[in-house]
Amino acid sequence: MLARAGLAPALPLVTPAPRVWFNPELESARFLVPGLIGMLLMISSVVATALSIVREKERETIEQLMVSPLRSEELVLGKTLPYLLIGLATMALILLLGWQLFGVVVRGSWLLLGLATVLFLFAGLGLGVLISALTRSQQVAFQVAIIASLLPAIILSGLIFPIRNMPLPIQGLSLLVAPRYFIEILRGVILKDTAFVELWPNFAALLALGAAYNLLAAHKMKQGL
Amino acid sequence: MLNRIRCLLIKELTQIRRDPRLFGILIMAPIIQLVVMGFATNTDIREIALAIRDNDRSFHSREYIRALAASGYFRVAALPGPVAGDARQLVAGRAGLVLVIPPGFGRQLVRRAPATVQALVDGADSNFGMQGVNYLNQATRLFSARFAREVAVDARLRGLALPAVAAETRVWYNPELTSRYYMVPALMGVLLLVTTMLVSSMALVKEREEGTMEQLIVTPLRPMEIILGKLLPFVVIGFAEVTLALPLMRLIFGVPLRGSVLLLYALSGVFLLTTLGLGLFVSTLVRTQQQAMLIAAFFVMMPFILLSGFIFPVENMPPAFQVVAQFIPLKYYLTIIRGIFLKGVGWHALWRDGLILLAWGVGILSLAALKFHKRLD
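Those protein sequence lines, which keep their order, are chains A and B.
Sequential numbering from 2 applies to the first sequence in our numbering.
Sequential numbering from 36 applies to the second sequence in our numbering.
Calculated from the structure, these hints are not laboratory results.
Virtual Cβ for every residue (Gly too), placed ideally from N, Cα, C.
Hints may be right or wrong, so weigh each one.
Heads up, incomplete: computed chain A residues facing chain B, CB under 7 Å, no partners named [stated by the list, open to error]: (1) L14; (2) R20; (3) S110; (4) L112; (5) I148; (6) L152; (7) Q224.
Distance condition first, Cα-Cα at most 16 Å in a straight line; then the derived EDC-like pairs of lysine to aspartate or glutamate [stated by the list, open to error]: (8) A:K58 / B:D54; (9) A:K58 / B:E245; (10) A:K58 / B:E244; (11) B:K46 / B:E242.
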């Protein structure tokens, strides 16, 4: 038997020799932590500002704001800026935890990370203010804020389910989900040290979304004035 | 007592009617979300971007590339430009896999000798990376088998027998469909939690913030009656959602409902006790609606969604988190709803989960009533 097998020619088998980059043990925590950061920041930023203006409307203190010499853009900025600082502090804290608990270290540029966080918070907070400007009661604002942030940030952002595999209309919808871009940047910068040249479309999308949300909110406020 | 609750119900329903937007959002938003998210919750991985650097450029290497492309797992692209840029494909995320075919690959195969190709894998997305390697192995095995067959024929002509053991893989169920069957019913549970808890967490604090709480207090209503009157409309909304969701899941996603509808309704009612009770409890803890929102979103919804087994199986969590998961009512409801939908199990398999939910619901509702009572004094 052995002799016969020895006589047989060697089989021309092709074997792939895989080498895994960025995450050699294929550990899912390393993949999920950047995504979870995006989710947490999205929810905290939208929740932070979603009630800001509608509360003034319900308490009827909005008139006082209206008669003040504040312009609507200033009002929107004033409502978001304090939370921007809180968001940045949250980000730092989460990164520290991710490093301590899961060994996720930032391989790329801290500057890029900071820039992405500011842009993302700008978009998230702007969405919150926009919701607040559009609604008339805190209850409705709360509903809309959760609908717009919680589940999209988990399901449509690519955090768990790959966007590439979704049906096309849903992929189109996910273009409006800010965490999608943020999570892509976070994964690139934290895990792979990806450069700005590769990531700039995501930065541009975040900036565009943020500008759109904030301008719409300001516009809506002006109508109210 | 019934009459008093009826009066409060009329008041609550009038308030809900005055805010038609709230009502529309309460009923329609979860249904729309169920459809959109249901399509998105797909864990199947297809079309991995595979970039190939062919250093051989022989007949066999081209055949190999064609075989990989024909496997249906990959979106194949040849790498242009200098070798130095290959790694950037992975860094930039343009490719999930980079395959390098060495020079002499074809010659090796012609000489009937084994050949090795190098595969660089983007492991940042661990699941994607693992699947990519699996698919590559599978497609390569198919390609090799074709060569092995030729060799075998050749050998038989020369009167030799080759040891031929071939593993044949047969996929028994469509993984894409199962992930959807598994996710969509659970999604309904999550949406039920989110909507009902949202409204109930605002229920009492809204009255407090608007200064109408005193009026409620001076009425002869008892705390438990106030709570019942507040919650009953939301129970109706919860059941309306379940009723709307059932045909949608069937018609749009084809999720089979194998178990008893009656049992599903009964246990959904028990689950509503826990979500509404939790919301109400939050409402008694806080002074403003914003606080209610923060607590509900961060301390209830997010941990519930992440730790209940909705996405990540509880069995795969570290032991400490498995213990935490035991205290999450959504976990039991997901077991129930998945069991009824997919396995068609009945009361005998679910009574434990149902009882735990019931205990949870009664417990948290009493706690909320107690807390509310203290606030009245």
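- Violations among the numbered hints: 3, 4 and 7
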